[in-house]
Amino acid sequence: MNGAATNPTWFLSPLFRWSVGILTTAILGVIAFQALNIPIFSPVGMPHEYCYLNEGRLVWLNVVADLAIGISYVSISATLAVLVYRASKGIPFNGVFLAFGLFIVSCGMTHFMEVWVVWRPMYWLAAYIKVFTGLASAATAIALFPLVPKVFSLIESARQGDQRRIEIEQLNQELERFNYSVAHDLRTPLRGIVGLGNALREDFADQLPPRAKEYVLRMEDSAARMNSLISDLLRYATVGRQEIALGDVALNDIVERAKASLETEISERKATIEIPSSLPVVQGDPTLLLVIFQNLLSNGIKFVAKDVNPKIEITASFESSHVSIFVTDNGIGVPLANRQQIFGMFERAHPEFAGTGIGLAIVHRAVERLHGEIKVMEAPSGQGTRFALRLPMVH
Amino acid sequence: MANRVLLVAEDDTVDAMLLERAIVKCGVPISMKRVENGDEAIQYLRGEGCYADRKQFPYPELILLDLKMPRVDGFAVLKWRQQNRHVRQPVVVFSSSSLQQDIDQAYALGASSFVVKPEAPDRLEKMVRALSTWWADFNVVHSPN
Chain A
0 MNGAATNPTW
10 FLSPLFRWSV
20 GILTTAILGV
30 IAFQALNIPI
40 FSPVGMPHEY
50 CYLNEGRLVW
60 LNVVADLAIG
70 ISYVSISATL
80 AVLVYRASKG
90 IPFNGVFLAF
100 GLFIVSCGMT
110 HFMEVWVVWR
120 PMYWLAAYIK
130 VFTGLASAAT
140 AIALFPLVPK
150 VFSLIESARQ
160 GDQRRIEIEQ
170 LNQELERFNY
180 SVAHDLRTPL
190 RGIVGLGNAL
200 REDFADQLPP
210 RAKEYVLRME
220 DSAARMNSLI
230 SDLLRYATVG
240 RQEIALGDVA
250 LNDIVERAKA
260 SLETEISERK
270 ATIEIPSSLP
280 VVQGDPTLLL
290 VIFQNLLSNG
300 IKFVAKDVNP
310 KIEITASFES
320 SHVSIFVTDN
330 GIGVPLANRQ
340 QIFGMFERAH
350 PEFAGTGIGL
360 AIVHRAVERL
370 HGEIKVMEAP
380 SGQGTRFALR
390 LPMVH
Chain B
0 MANRVLLVAE
10 DDTVDAMLLE
20 RAIVKCGVPI
30 SMKRVENGDE
40 AIQYLRGEGC
50 YADRKQFPYP
60 ELILLDLKMP
70 RVDGFAVLKW
80 RQQNRHVRQP
90 VVVFSSSSLQ
100 QDIDQAYALG
110 ASSFVVKPEA
120 PDRLEKMVRA
130 LSTWWADFNV
140 VHSPN
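In order, the protein sequence lines correspond to chains A and B. Position 7 (the first sequence) corresponds to 6 in numbering that gives the first Met the number 0; numbering is contiguous. Position 47 (the second sequence) corresponds to 46 in numbering that gives the first Met the number 0; numbering is contiguous.
Zero decoy hints are in this set.
Mimicking DSS-like on lysine-lysine, the simulated pairs with C-alpha atoms at most 27 angstroms apart in a straight line are: (1) B:125 <-> B:24; (2) B:24 <-> A:212; (3) B:125 <-> A:258; (4) A:269 <-> B:125; (5) B:125 <-> A:212; (6) B:67 <-> B:125; (7) A:374 <-> A:301; (8) B:78 <-> B:32; (9) B:67 <-> B:32.
No wet-lab data here; the hints were simulated from the structure. Just so you know, these numbers come straight off a predicted model, no measurement behind them.
Working from the sequences, and respecting the hints, build out all of it.
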């Protein structure tokens, strides 16, 4: 602190102002009490004469006050004890809290002794309790000093933690927007290629030889394929990063919605999807679960021989805390050699079928984020694939 | 039925070309006038500068507005339109963005409708037909003061 003599504004410092304030209040209080005839100073010779023979009112005033203080102190320390034991992991410095509690309890005891001593002359016991209180409070006072910087550093790191969380959230949102922008800007010229190719074939149909038309068609297909790739990549990035809302999800609801979203494909291929009515309620995020089932069902419809009607069966097998959902199709199956990597990016076991190779990578990422498991195996019938999805169940 | 004037604000030349082609192919009674960014769109609506000749650049009865345009974008046009109450023809936002915040912002700034640009050519034609039926055939225009 700057020398008070040299710093002309010392009388504006908080310390000075607080001191003046307290002193003024005390003086005003005394004057007020005197004016209203509320006794402050008792006209006695030796202090402590009040205890027995003089003012009865004074005795009771002290007794009641001491009782109230004693009860409050015991209550406070009991609350502190409960707080410390209930949240024993969350509260740092619980040693100091206990010391503090002990000090308060013993302080309460001294007040109870003040009451007791009005009727019974147990002055030595009262003195011992006061000594114990003195020691406890001294210990707490000493233990408190080194805690001050620790508390400040705790507050600081909590604030930094909050700050970091906000920054990460902002970064995530920026990244999300960036991804979306990139995907959007990549798709615009593709839309142009598809549109112009289509216009070329239609407007100049009689001038284009069949070979030329074929070239243009394949060009449009390439562009469309790239479009799907971009969509799927964007979805993969989103699934990997979006915030999960874990809650109780009714799987029947999710599977029905997934099925509804594939209406067109289902009617085109005349596919059937069998869903039992008794699918359980699981712990998960509805958006991620929807993506998982949409992809699995879509695969089951797509990867089927041309002349076969796709048939997908969904079944469940219950364990104590988890459930395994099986999605079984009658498609072309996944060869043993590919089963290890089928969930990898751009992995396509059957390139002759349309697909980006990202669908199952999305499923795998989503399952990972839900802390579940997914496995692929041969369908029990011998023709087709079975996916086993294991999730925690909610009873 | 006389042709309704449609003002299209679109910076991508191919998108504009394909839209015009779809309009012609569907044979709907729509005359398409194109501007390339928000600046030009506002000038056209005001009848300013090179757009002063209302014979060549008739006042539109419907506006198709892209969002992502250079310099002055679709949102700026919407904002301007909100502040100029006499500009009253419906504005259909025609954007390749399906981001919820873009949709929300467009409606908050007074868009009459929001359409995501169709990817497939036959869907574009379907949209043009629907656009014509609703906004040119059925919708009654608010005439400017």
